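**Student:** First to last, the sequence lines map onto chains A and B.
Quick note: the first sequence uses numbering that gives the first Met the number 0, first residue 0, plus one each step.
Quick note: the second sequence uses numbering that gives the first Met the number 0, first residue 0, plus one each step.
Don't read these hints as lab results, they were simulated from the structure.
All clues stand as given, with none of them false.
Identical copies look the same in the list; a pair holds intra-copy or inter-copy alike.
Keeping only pairs whose Cα atoms sit at most 25 Å apart, straight-line, the calculated DMTMM-like set for lysine to aspartate or glutamate is:
1) 268 - 230
2) 232 - 84
3) 268 - 233
4) 268 - 299
5) 285 - 270
6) 293 - 270
7) 97 - 39
8) 285 - 274
9) 232 - 87
10) 153 - 270
11) 214 - 87
12) 289 - 270
13) 75 - 27
14) 204 - 11
15) 204 - 84
16) 152 - 274
17) 204 - 87
18) 342 - 140
19) 232 - 299
20) 293 - 257
21) 37 - 87
22) 214 - 348
23) 95 - 200
24) 273 - 299
25) 289 - 257
26) 293 - 233
27) 153 - 274
28) 272 - 233
29) 268 - 257
As the structure is a prediction and not an experimental result, all values here were calculated from the model.
2 protein chains.
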Amino acid sequence: MTRIAIDAMGGDHAPHEIVAGAVWAASEYNVPIELVGKQDQIERELEKIKRFGIKCTSPNVPYSRIRVDVDKLDIKITHASEVIEMGEAPGQAIRKKKKSSIVLAVDAVATGSSQAVVAAGSTGAAMAASLFGLGRLPGIERPAIATTLPTMKKPVILIDAGANSNCTPQMLLQFAIMGASFVRGIWGNENPRIGILNIGEEAGKGNELAQSAYKLFEENQDKVNFIGNIEGKELFLGNCDVVVCDGFVGNVALKSIEGSSSMLFQMIKQEFKKDFFSMVIGMLAKPAMKRIFKRINYEEFGGALLLGVKGITVISHGASKAYAIKNAVRVAKEAVETEVNKKISEFYEG
Amino acid sequence: MTRIAIDAMGGDHAPHEIVAGAVWAASEYNVPIELVGKQDQIERELEKIKRFGIKCTSPNVPYSRIRVDVDKLDIKITHASEVIEMGEAPGQAIRKKKKSSIVLAVDAVATGSSQAVVAAGSTGAAMAASLFGLGRLPGIERPAIATTLPTMKKPVILIDAGANSNCTPQMLLQFAIMGASFVRGIWGNENPRIGILNIGEEAGKGNELAQSAYKLFEENQDKVNFIGNIEGKELFLGNCDVVVCDGFVGNVALKSIEGSSSMLFQMIKQEFKKDFFSMVIGMLAKPAMKRIFKRINYEEFGGALLLGVKGITVISHGASKAYAIKNAVRVAKEAVETEVNKKISEFYEG
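Isolated chain A, as found in the complex (with noise of 0.2 Å):
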C-alpha cells in the first residue's frame, strides 16, 4: 500500500499545522503515513490531536474541528535530529544535515519505506534532497517543479515553477513531456495541448531560448501536442493544459499573479472596512468573495510536483497549514497510483 513520508520539521507552521494536516490526510483518504522529524515534538502533536481534534482555518471548510481517532491511524515516526533551516545553501546543507527531517524523508523514499514525500520547508533543500537521493529518471536532465494553477475552466500546469533558472531548449520539451504525463495521470486527459510561455504568439517572438523551443517542440510534434506559444494573460483562459517555460520566468510570474491577487484582495477588505455603510455590505458580499477565494485558493492544489527525479517529491507552499498538507498528500498518492514516473520513463524507453 502506498505510504507517504512528510517532513515533520518543513514550513512555517512546522510541526504543528504539519502533522495536523498529515493525521487528517491519513484519515481522510485511508493511507498510512511516515512522519519525518524530532520524535518528541511529533508525539507531543499527536497526543494534541487526540485530546482536541484538529483545528481549521482554511476558508475552503465548512467546519473548525476535525476529531480524529489517531490511535486507529497507520502512521509511522521516523526520528530526525536536524533541520534544515529556510536560509541555509541547500547543496551544503543536505550534505553537512545527514539527520536532517528533509533528507531522512526522502531517503524513506530510497529505501521503499514509504513511495512519495510531501516538504513544505525550503524548496531548494527539497529539490537537492531529491536529486541526490533519489535520481533522475532516464532521459531527464534536470528535475523541474509542476504548478497547478486555476483558470476560468480547467486547470492548467506550470512547468517550470522555480527549479532551473537557466534552461535548454532540450530541457524545456522534457518539462513538456513530463508535464504532459503528469496531466495524463492526474486528470486522465489523454492528449494534453502544451504551450510555450511567450511574449507573442509568432514563432519569431520572444528570447533566445523561447525562439529555439518553438523549433524543437514543431521538430516533436509527435511526441508532445503543441498548440504554439501562450501569452501571460492567455494562462487564466484554460485554452491550453500544459504551459512550458524555464524556472526563472515561471518563479517570477508566479510569484506576480500570488502577490497582484493578494494586493487585489487586500483593497476589497480596505473598501469594505471604508464606513459602516461599506462594512454591512462587505458582510453581505463576503460569502460570494470566500467563494472567490476558495476557487483560486491554493491550499486546494496542495503542492508542486517535483518531477524527473525516480520518486515522487510534492513541494508545499512555505505557508502551508493542515489543509494544504492533507491536500499535498492527496497529491502524493495520486502521483504514485497514477504512476506519473512510468508514464515519462516510456517516453525515453519506448
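Place chain B on chain A using the hints.
**Tutor:** Just chain B, lined up with the frame of chain A:
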C-alpha cells in the same frame, strides 16, 4: 510650447477613440496636439466631437459625455496615407511604409514640429520607428519600456516591460538609470530605490543575467540606489520605486498579472450573478468594486514610456479608449516638461 503628436490610426479603437482622447487632452491640459493619420478620417472624427462631444466609458470618470470647443484648440493635422497593421514585422514595415502614421508621427518629433509622440498601435512598430527616427541617447545601448504598476502604496516603475528579450547586465544598469531619471522627473522623488526582479532575495539567486546584474549594481552604488533583489510578490508592496528586468521576464510578468486580475474580476462578476440575492448584494457592492478597479485601472497611467531614444515616445495599450489616450498625452507632456532625457544624458555626459 510643448506639442504632442498622436498616431491617430493606431490601436483597436482607432481613429475614433484616439482622436477623442487627443482632443480631450488638448482641452483639459491646454496642450497643442498634432494628429497624424488619414486626414479625411480625422476630420470626420473632429466633426463628430464638435456635434456630439466626447463619449467616455471609463469607470474612472464620473460623467459620460464631455463637451469640447474644438475650434478654440490648437490642433494640427498631418496626413499619413499608410497604416502599419498589428501583424506586420516592425523593422520591415517602417522601412516599407514611410508614409505610415507612426513613422510620420515620429518624424514630427524628429523635425521639431512636436516634442513627443503617443502611439497605441503595434508596440514593435512604435519602437522601431522611434529608434530609427530619433536615434539613441548617448550611453544607451537599447531603449526600454518603462511601465507604471499600481501597488498598495505609491506606483512602481517596471523596466524593461517588453522591448528587449535578450539583455546584458550593462543594459539592465542602463534601464535602472533611465527608470530612476523618470521617477525623479515625474514624481520628484530624488533618490528612487532600485531593485532587480528575481526569484529570491540573496545575491546568488536567479539566472546568470540576474546574478551578474546584482554584482554590477553593487559596484555602481554611486549611480543607482540599489536595494537588492525584489521577488514578484513584493512588486505590489510599494517598497521599491524602480524594478529592473529583461524585457522577456518583464512582459511575461506584466501580462500574467493582467490575466490573473482580469480572471478575478470575471469571477466576482459571475458570483454576483448567481441568484437574485447575489445580484442585489452585487449591486450594493458595485461602487466599492468600481473604486478598486479605478485604483488598478491601466487607463489612469495612460501608457508606458519608451526610454533611451532622443525624444519622448509613449506606448499605450492597444485597447486604449479616449480616457487612456488623454492620460497618455499627459504622461508625454510631463516627460517633456520634466526633461527626462536631459536627466538621463547628464548621467553619461556629467
